[in-house]
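Chains A and B, in that order, are what the protein sequence lines are.
Counting along the first sequence from 1, when you hit position 331 you're at 331 in the numbering used here, and nothing is skipped either side.
Counting along the second sequence from 1, when you hit position 219 you're at 219 in the numbering used here, and nothing is skipped either side.
Just so you know, the hints here were simulated from the structure itself, not pulled from any lab data.
Glycine included, every Cβ here is placed at the ideal spot set by N, Cα and C.
A couple of the hints might just be wrong.
[Unchecked claim] Stretch by stretch, here's where chain A covers chain B in the computed footprint (C-beta under 8 Å, at least three residues):
#1 19-31
#2 80-88
[As the list claims (entries may be wrong)] With a cut-off of at most 30 Å between alpha-carbon atoms, the simulated DSS-like pairs for lysine-lysine come out as follows:
#3 A:K100 - A:K117
#4 A:K44 - B:K307
#5 B:K307 - A:K128
#6 A:K44 - B:K44
#7 A:K354 - A:K328
Number of protein chains: 2
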Amino acid sequence: MSGEERKKVSSIFLEYAQKAELFDYGPFKGSIVIRPYAYSMWEKFQAYLDAEIKRMDCDNLYFPCLIPERLLSMEKEHVEGFSPELAMVTHGGGEELVEKLAVRPTSETLMYYYFSKWISSWRDLPLKVNQWSNVVRWELRPFPFLRTSEFLWQEGHTVHATYEEGVEQAFDALKAYERFFREVLAIPVFIGKKSEKEKFAGSLYSMSCEALLLDGNALQIATSHNLGQNFSQVFKVDFQDKHGEKDYAWQTSWGLSTRALGGMFLTHMDEKGLVIPPKVAPIQAIIVPIGSHKNEEVLKTAERIKKDLNNADIRTRIDNREQSPGWKFNDSELKGIPIRLEVGPRDVETGTTKLVRRDTGDKSCVPIEQLVINIQNLLEDIQSNLYKKAQIFTENNSHKVEDYEEFKKIIKEKRGFIWADWCGSQKCEETIKTETKATTRCIPFEDKSSFNTGKCIRCGHKAHYRPIWARSY
Amino acid sequence: MSGEERKKVSSIFLEYAQKAELFDYGPFKGSIVIRPYAYSMWEKFQAYLDAEIKRMDCDNLYFPCLIPERLLSMEKEHVEGFSPELAMVTHGGGEELVEKLAVRPTSETLMYYYFSKWISSWRDLPLKVNQWSNVVRWELRPFPFLRTSEFLWQEGHTVHATYEEGVEQAFDALKAYERFFREVLAIPVFIGKKSEKEKFAGSLYSMSCEALLLDGNALQIATSHNLGQNFSQVFKVDFQDKHGEKDYAWQTSWGLSTRALGGMFLTHMDEKGLVIPPKVAPIQAIIVPIGSHKNEEVLKTAERIKKDLNNADIRTRIDNREQSPGWKFNDSELKGIPIRLEVGPRDVETGTTKLVRRDTGDKSCVPIEQLVINIQNLLEDIQSNLYKKAQIFTENNSHKVEDYEEFKKIIKEKRGFIWADWCGSQKCEETIKTETKATTRCIPFEDKSSFNTGKCIRCGHKAHYRPIWARSY
Numbered sequence: 001m002s003g004e005e006r007k008k009v010s011s012i013f014l015e016y017a018q019k020a021e022l023f024d025y026g027p028f029k030g031s032i033v034i035r036p037y038a039y040s041m042w043e044k045f046q047a048y049l050d051a052e053i054k055r056m057d058c059d060n061l062y063f064p065c066l067i068p069e070r071l072l073s074m075e076k077e078h079v080e081g082f083s084p085e086l087a088m089v090t091h092g093g094g095e096e097l098v099e100k101l102a103v104r105p106t107s108e109t110l111m112y113y114y115f116s117k118w119i120s121s122w123r124d125l126p127l128k129v130n131q132w133s134n135v136v137r138w139e140l141r142p143f144p145f146l147r148t149s150e151f152l153w154q155e156g157h158t159v160h161a162t163y164e165e166g167v168e169q170a171f172d173a174l175k176a177y178e179r180f181f182r183e184v185l186a187i188p189v190f191i192g193k194k195s196e197k198e199k200f201a202g203s204l205y206s207m208s209c210e211a212l213l214l215d216g217n218a219l220q221i222a223t224s225h226n227l228g229q230n231f232s233q234v235f236k237v238d239f240q241d242k243h244g245e246k247d248y249a250w251q252t253s254w255g256l257s258t259r260a261l262g263g264m265f266l267t268h269m270d271e272k273g274l275v276i277p278p279k280v281a282p283i284q285a286i287i288v289p290i291g292s293h294k295n296e297e298v299l300k301t302a303e304r305i306k307k308d309l310n311n312a313d314i315r316t317r318i319d320n321r322e323q324s325p326g327w328k329f330n331d332s333e334l335k336g337i338p339i340r341l342e343v344g345p346r347d348v349e350t351g352t353t354k355l356v357r358r359d360t361g362d363k364s365c366v367p368i369e370q371l372v373i374n375i376q377n378l379l380e381d382i383q384s385n386l387y388k389k390a391q392i393f394t395e396n397n398s399h400k401v402e403d404y405e406e407f408k409k410i411i412k413e414k415r416g417f418i419w420a421d422w423c424g425s426q427k428c429e430e431t432i433k434t435e436t437k438a439t440t441r442c443i444p445f446e447d448k449s450s451f452n453t454g455k456c457i458r459c460g461h462k463a464h465y466r467p468i469w470a471r472s473y
Numbered sequence: 001m002s003g004e005e006r007k008k009v010s011s012i013f014l015e016y017a018q019k020a021e022l023f024d025y026g027p028f029k030g031s032i033v034i035r036p037y038a039y040s041m042w043e044k045f046q047a048y049l050d051a052e053i054k055r056m057d058c059d060n061l062y063f064p065c066l067i068p069e070r071l072l073s074m075e076k077e078h079v080e081g082f083s084p085e086l087a088m089v090t091h092g093g094g095e096e097l098v099e100k101l102a103v104r105p106t107s108e109t110l111m112y113y114y115f116s117k118w119i120s121s122w123r124d125l126p127l128k129v130n131q132w133s134n135v136v137r138w139e140l141r142p143f144p145f146l147r148t149s150e151f152l153w154q155e156g157h158t159v160h161a162t163y164e165e166g167v168e169q170a171f172d173a174l175k176a177y178e179r180f181f182r183e184v185l186a187i188p189v190f191i192g193k194k195s196e197k198e199k200f201a202g203s204l205y206s207m208s209c210e211a212l213l214l215d216g217n218a219l220q221i222a223t224s225h226n227l228g229q230n231f232s233q234v235f236k237v238d239f240q241d242k243h244g245e246k247d248y249a250w251q252t253s254w255g256l257s258t259r260a261l262g263g264m265f266l267t268h269m270d271e272k273g274l275v276i277p278p279k280v281a282p283i284q285a286i287i288v289p290i291g292s293h294k295n296e297e298v299l300k301t302a303e304r305i306k307k308d309l310n311n312a313d314i315r316t317r318i319d320n321r322e323q324s325p326g327w328k329f330n331d332s333e334l335k336g337i338p339i340r341l342e343v344g345p346r347d348v349e350t351g352t353t354k355l356v357r358r359d360t361g362d363k364s365c366v367p368i369e370q371l372v373i374n375i376q377n378l379l380e381d382i383q384s385n386l387y388k389k390a391q392i393f394t395e396n397n398s399h400k401v402e403d404y405e406e407f408k409k410i411i412k413e414k415r416g417f418i419w420a421d422w423c424g425s426q427k428c429e430e431t432i433k434t435e436t437k438a439t440t441r442c443i444p445f446e447d448k449s450s451f452n453t454g455k456c457i458r459c460g461h462k463a464h465y466r467p468i469w470a471r472s473y
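Construct the entire structure; sequences and hints are all you get.
Set out below in structure tokens:
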């Protein structure tokens, strides 16, 4: 993909996103308004993820949105990582505050101050909580949904008595995210470990789900961190074990945000507009009555179909706005509604309706009596087709590279994922970043051959890892 | 109720609330952490209200949490009402901001700036949206749940083509809140119009649900505002009507917050602890195994009962912590769990279990086979009993007063709701507030005799209204 084509992908997305009323630019740099069409998809994300989170025995709760500077500064790496992005409250209730407060960029420091108070014995463990909220991170290169100065997310935080439990919990959360992306959003993701340089500020190690977007850039679309005892030692989150010994607790944190909406849009869109996976589509089937203002029978039939489909839990609407059928067809394609039904006077006579699927454009005539079962099957088919299509795109844009000149050329000309061996030194990682702007996205778990298979792409010394490299959002 | 007794109610509530792990004091003045037990009740509030809001054809969306000063200042009354309570962000991303941003205290000004962009024709109306979010209002006299510097809420905002539609929408929202309080939280509320002095800053008129808490103070527990064209004129929310004429739109806004949690706690608690209405109780039935560590049959029976009840959608848990049964009984009473089941070795033999209801303390022996139907009926009975009890309390603490000296005496010694005639002048209202600290809570809709029935309690002139007066949170 050329630079020209990549830029075109971004600008086309922005055009679609505004026309389809997904967002509007917000009142401060990098902020956006999430409009109802996009927000209703986020509600579907929430419903699915909240059930997964509760299944992991996490309880939801809510911590304040403002964090005293003193708490934020307690973990050194953490504050260094976040301080350039903070929004600071300096005045409250008409007076200058004695201590400045940051609008939360994430809640580790605040929560762990309290965990320290709440936990004293092994009986209090594990403590597993989750928060749905907004966070603010000042964004210098904003892009709607993908990089915004405020976003919505869930942040899970758990505290355990052993290292092993922490390892398991962090991995469980990551796997839950992976399932969500693959099965619900139809996004093929790679899961793996972040490098030291790319990990979360303050974690022992971080893991992520990485997706490849249509413009050839990578997106870190969810993360899960094993915090080890890094925070528990600083915040004194300790407990008395069964033998009466004191120990610091083991912690994890993991999050998924409205960035995932952007990831989904930029995985499935095509030349006609957005393409929304059926499982999260607010409208799964739209009925367009043809010549309806002249024909009462058409409207009656449309209403009957809508009722039948809604009763079968297919999210259906009738588009009875004033515009022409052609305008409505384009609009439903722009919005990425999975299935369109066209009902005209002739259809009423023959008892059939024309069915158009958004992903392939295929058209068919279906007897109205068989619509429910047809559409149920079709929605499943569209869902899996979108996944396959995205998987082929990812494969076609993944490159196994053994030569650094080739690496540079691909990053410059095509982008995509590059699998290339690495010695593991931060020096090589930094040099590559400086020279190509590519970073290690993650060291994938799935590739068994990722250790000791060759030479570092940069220095030629023995390689210890095979990460995915890419330019990223 | 004496001053002594009233203070006791507050301090007992704070004791219960901390012991039952409803909250912890937050990191800045007036903030609280909403802990899982309270938050899970809020989730039930949300589920119920969100369905009501969607039933009113409102779409959820999300606006940024920071509002530029310029927008906040556009409606004069509005900014005067809120400016003393603002938290101001002055720095972002390490730099001083050119324009200060307020953490949203409410979102009218921000939303309506956008509504103006989104609306141009009658075809765009009605626009009906809702936002679930946090808001910050610096609180000088904080009290957990009832008056907090940050709280969670929903804010509904609608835009209409006619005055009448606005009137209807504002009233529909108010009635939805009233149903919620009466039917779900078992709180008897009065609904009515706020006085000019007490209305929302910038509204045409405001309406509220008012509850009487156990300490004799009133609580404005939800509000609905008809904004008329006040904001639409300032923010240029105008539209072209069907005849091509331009007109300003008619708007409403309405909100309900985590304050309602506090209202619920302080309506139903008793001398043993919290009392949670069954419809929102996170745990509806708790099983306490007696001598369980000695008897495997007891644990098996408890598990079987739990499974049966959960299958019948009764939210059930087994308390198998290490503590003694007596400790667990107290704990379940403190937490206000509607039903407690005690299962011991003898119960296993006889196939029965001891059932204790939290509201009355009544105990009964119930055959295990009949538990489901028994508990289903009991939960309904507890729900309606709590409502009746609260209604009797409200009646017993409502006073029809015709003499100002009596008014002052009741406010000072007993508090409660006072129904007293009023001429309608702000002067009398303010004098009464200065002299007694009582304010008009609302002018109830239900009392048909509220107009022209007598003389103003303060000045003796002809009365035009019969408001409820009270000391309030």
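To see whether the hints hold, each was checked on the structure:
1. A count of 6 residues in the region 19-31 of chain B with a Cβ less than 8 Å from any Cβ of chain A is obtained; the coverage claim is therefore met, three being the minimum.
2. Coverage of the region 80-88 of chain B by chain A holds. Counting CB-CB distances below 8 Å, 6 residues qualify, and the rule asks for three or more.
3. About 23 Å separates the Cα atoms of K100 of chain A and K117 of chain A, which keeps this hinted pair within 30 Å; it holds.
4. Straight-line distance between C-alpha atoms of K44 of chain A and K307 of chain B comes to about 29 Å, which keeps the hinted pair within the 30 Å bound.
5. With a CA separation close to 24 Å, the supplied pair K307 of chain B and K128 of chain A stays within the 30 Å bound.
6. A hinted pair counts as satisfied when its Cα atoms are at most 30 Å apart, and K44 of chain A with K44 of chain B qualifies at roughly 18 Å.
7. The suggested pairing of K354 of chain A with K328 of chain A holds, with an alpha-carbon distance near 15 Å, which does not exceed 30 Å.
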